[in-house]
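S.K.: The listed protein sequences correspond, in order, to chains E and G.
Per the numbering used here, the very first residue in the first sequence carries number 1; after that it's consecutive.
Per the numbering used here, the very first residue in the second sequence carries number 1; after that it's consecutive.
Hints were generated in silico from the structure; no laboratory data involved.
Hints may contain errors.
Copies of the same chain look alike in the list, so a pair counts if it fits in one copy or across any two.
Said to hold, decoys possible - Computed list of lysine-lysine pairs in DSBU-like fashion (alpha-carbon distance at most 30 Å, straight line):
#1 K161 to K294
#2 K262 to K136
#3 K134 to K215
#4 K366 to K400
#5 K95 to K366
#6 K294 to K136
#7 K273 to K400
#8 K400 to K161
#9 K76 to K105
#10 K95 to K341
#11 K364 to K95
#12 K134 to K377
#13 K377 to K220
#14 K175 to K364
#15 K377 to K95
#16 K161 to K341
#17 K95 to K400
#18 K294 to K95
#19 K294 to K364
#20 K366 to K175
Protein chains: 2
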Amino acid sequence: MEKTYKQTAFIPIENGSVGSPKGFHTGGQNIGLRTGRPDMGWIYSETPAVAAGVYTTNVFQAAPLQVTQESIAEEKKLQAILVNTVSANSCTGQKGIDNAYTTRKWMAEHFGVADHLVGVASTGVIGMQLPMDKMKKGIVAIDLEGANAPFEAAILTTDTKPKHLAVQLEIDGRKVTIGGACKGSGMIHPNMATMLGFVTTDAAVDPDALSFALKSVINKTFNRITVDGDTSTNDMVLLLANGQAENQQLSEQHPEWPAFMKGLEHVCQGLAKFIASDGEGATKLIEVQVTGAKDDHSAEIISKSIVGSSLVKTAVFGSDANWGRVVCAMGYSGERFDPNKVSMAMGDLVLFEDGIPVDFDEEKAKDYLDGSSVVIKTRLGEGDGQAVAWGCDLTYDYVKINASYRS
Amino acid sequence: MEKTYKQTAFIPIENGSVGSPKGFHTGGQNIGLRTGRPDMGWIYSETPAVAAGVYTTNVFQAAPLQVTQESIAEEKKLQAILVNTVSANSCTGQKGIDNAYTTRKWMAEHFGVADHLVGVASTGVIGMQLPMDKMKKGIVAIDLEGANAPFEAAILTTDTKPKHLAVQLEIDGRKVTIGGACKGSGMIHPNMATMLGFVTTDAAVDPDALSFALKSVINKTFNRITVDGDTSTNDMVLLLANGQAENQQLSEQHPEWPAFMKGLEHVCQGLAKFIASDGEGATKLIEVQVTGAKDDHSAEIISKSIVGSSLVKTAVFGSDANWGRVVCAMGYSGERFDPNKVSMAMGDLVLFEDGIPVDFDEEKAKDYLDGSSVVIKTRLGEGDGQAVAWGCDLTYDYVKINASYRS
């Protein structure tokens, strides 16, 4: 359903990440917030990079997000980013804001750049102040040439795997790389979640075009995933373009703009799916495809309603082809449509056609649902609208993790 | 927070239920849909009762709801109601509608009343046709004087307890009784759920006033509970008033109308809380009180956002005073407010005041949260709006029940 872009358009970079584009350095280290694993990560570009950000819509917006927005507002550029785990620096009052400014200043001093060229991000427990002594020691110890842990491992919380990806494409005959890393896990829901995403490129991109590109791609990727319907106070995706590929500056007018946008969407969609399939306690990735809706927006709402349903999620966990819960979730999405024109399949197995249940082979359905990736396809008879959304199953481990982890 | 009505205003009826008001007979029996427990219930009024209904907002509306609406539309009266479990008769096409009409006709014939004086309700698996042979045998065997199982036990699915309640009050110097029974469990979310509610009274009530009363009380009671955010195709609450108390016909003009409304709200609120505390897998009732919102509607949205949060629900299950998840859920409710004017308590323990975390005794908090009922109080600084919502914790058993039960 979703257009699959020709593999030939990009060359995937093996083990690629946010540090793959030219001129970007990344790393992580343990600064004593947690035992036995890196707990702070950083990104540094050799030259100031054009920057764009998208932030949580939560009324309680964490201090680092406020400070990073202020940084980017100054001249739409960033050169360094600091990410800490354990403390989310959210709901921490004026002291939390002051601390975010101070860590930004320390990073700027360490790298010899202006304060406003530094972005800061935090993930962890809401209401906990930053451990400033440890933060300071960690920042002054950053060494681009040192024995660094991978950035993508250093920013994780309850994630079970690092999440990263990079592709290469040609623009103006120059090699351009787009790379990204992110964290997810709990509090994941469309409109940004306890999700931090960092995407870099060595392409030269016009600042306004970069901002537009990020917003439009996020709506089709990161904002299409849900783990538990909770939208965190700390969600942020930052996109940096440092121009070291030396292409002609990209904007909507550039003939290869669509190729760049597709590359960016490919990276963001890959990262978003990593987050969905590594949701807290998840054993399966769920992809919901909706076609035939009134318009794309309507399809998006319906797809999110299905992928967010606790009953659909538990049914997938139990490998139960419970199509009734799927159509039920479509029906309460808030969108109006003719129920007699609705059809539904799981994988290639049609379960419901034109509003009527279809006899199907329960064993075949169970086999399909036992896989690690389940595609739910629904078709309405209203128009050409289509959308895809991603989520995961709801399991005992989700409950276990969240009944004991203070996030 | 919520006004508590003086206990003196009503006399609670011990073990009262939907059959308590004068002239109502109820019962249940096993018709072979399940083993070892009643699976069909019925309500009969000696005289036609003024009737009002509220129905699911789901686009896929089950066949019995369509038929019951048609019954009530005829002359705003019902005299008998049939409820079956196991098959929800939802997404069953024209055959499902025909079957609902046929069971209505059998009930009408059995009781010697007009077809349109019968309402039908179903709960169970979506997409399963009614087992018509068993339904027929069950209906013709209904015997008002027989050894009947309690109605409230016969309508349950994954519920663990029957849910019923009745109160008595005086109107025009006559004893008036209001009673109710309901089922809930999964697919429970504001706007009606796999929830069936039946409320009866022997008061004489004007038909339009009865319909208004039901809608307005439902918005403050049944529509304020959530178990899992899923709104079913079969939700329905029916209210019958047969006038056998022989009061002057009640309407908004009657001086004792407010007393009747309060009695009705008391019964519906009690039933709604029974459903919330007996949600699938639930171990605790959660009550969320919101005050100081811009207006009541805003308070309602915020209260539902908190009580619907999977992360709040798992935290309560784990007895973790995780106030961060509560304020986070307020923040993504969609309502705008000043986060620096927000305060929050669990029970009497203040955890967050004017946007800043408060030091609190973790042991005391854990003791409080270990109880079977948890009250979360939040105060905003926007106005006088207030609301209460109810839900339950999210537990291993919720996952267990829904990974294996096809509903």
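S.K.: With reference to the structure, classify each hint as holding or not holding.
M.R.: Okay, the hints, checked on the actual structure:
1. In this assembly of identical chains, K161 and K294 lie within 30 Å of each other by CA distance neither inside one copy nor across copies; the values are 38 Å within and 43 Å between.
2. Neither within a single protomer nor between protomers do K262 and K136 lie at most 30 Å apart by alpha-carbon distance, with minima of 39 Å and 61 Å respectively.
3. Proximity of K134 to K215 under the C-alpha cut-off of 30 Å is found in neither arrangement, the shortest distances being 34 Å within a copy and 58 Å between copies.
4. Taking CA atoms no more than 30 Å apart as the test, K366 paired with K400 passes in both settings, with 26 Å inside one copy and 17 Å between copies.
5. Taking CA atoms no more than 30 Å apart as the test, K95 paired with K366 passes between copies only; the shortest distance there is 28 Å, against 53 Å inside one copy.
6. In this homomeric assembly, K294 and K136 never come within 30 Å of each other (Cα to Cα): the closest approach is 54 Å inside a single copy and 42 Å across copies.
7. Proximity of K273 and K400 under a CA criterion of 30 Å is satisfied in both settings, with 23 Å inside one chain copy and 26 Å between copies.
8. For the identical chains of this complex, K400 and K161 are neighbours both inside a copy (18 Å) and across copies (26 Å), given an alpha-carbon limit of 30 Å.
9. Taking CA atoms no more than 30 Å apart as the test, K76 paired with K105 passes inside one copy only; the shortest distance there is 18 Å, against 72 Å between copies.
10. For the identical chains of this complex, K95 and K341 are inter-copy neighbours only, at 16 Å across copies versus 56 Å inside a copy, given an alpha-carbon limit of 30 Å.
11. Within a single copy, K364 and K95 get their C-alpha atoms only as close as 58 Å, which misses the 30 Å cut-off; across copies the closest is 27 Å, which meets it.
12. With identical chains, the CA atoms of K134 and K377 are never at most 30 Å apart, being 49 Å at best within one copy and 35 Å at best between copies.
13. Only within a single protomer do K377 and K220 lie at most 30 Å apart by alpha-carbon distance; the minimum there is 17 Å, versus 37 Å between protomers.
14. Taking the shortest Cα distances, K175 and K364 never come within 30 Å of each other, neither inside one copy (46 Å) nor across copies (61 Å).
15. In this assembly of identical chains, K377 and K95 lie within 30 Å of each other by CA distance solely across copies; the values are 25 Å between and 49 Å within a copy.
16. For the homomeric pair K161 and K341, neither the shortest alpha-carbon distance inside one copy (41 Å) nor that between copies (38 Å) is at most 30 Å.
17. In this assembly of identical chains, K95 and K400 lie within 30 Å of each other by CA distance neither inside one copy nor across copies; the values are 33 Å within and 44 Å between.
18. In this assembly of identical chains, K294 and K95 lie within 30 Å of each other by CA distance solely across copies; the values are 28 Å between and 48 Å within a copy.
19. Taking CA atoms no more than 30 Å apart as the test, K294 paired with K364 passes in neither setting, with 32 Å inside one copy and 53 Å between copies.
20. Taking the shortest alpha-carbon separations for K366 and K175, neither the intra-copy value of 45 Å nor the inter-copy value of 58 Å comes in at or below 30 Å.
Comparing the model with each earlier hint shows violations of hints 1, 2, 3, 6, 12, 14, 16, 17, 19 and 20; every other hint is respected.
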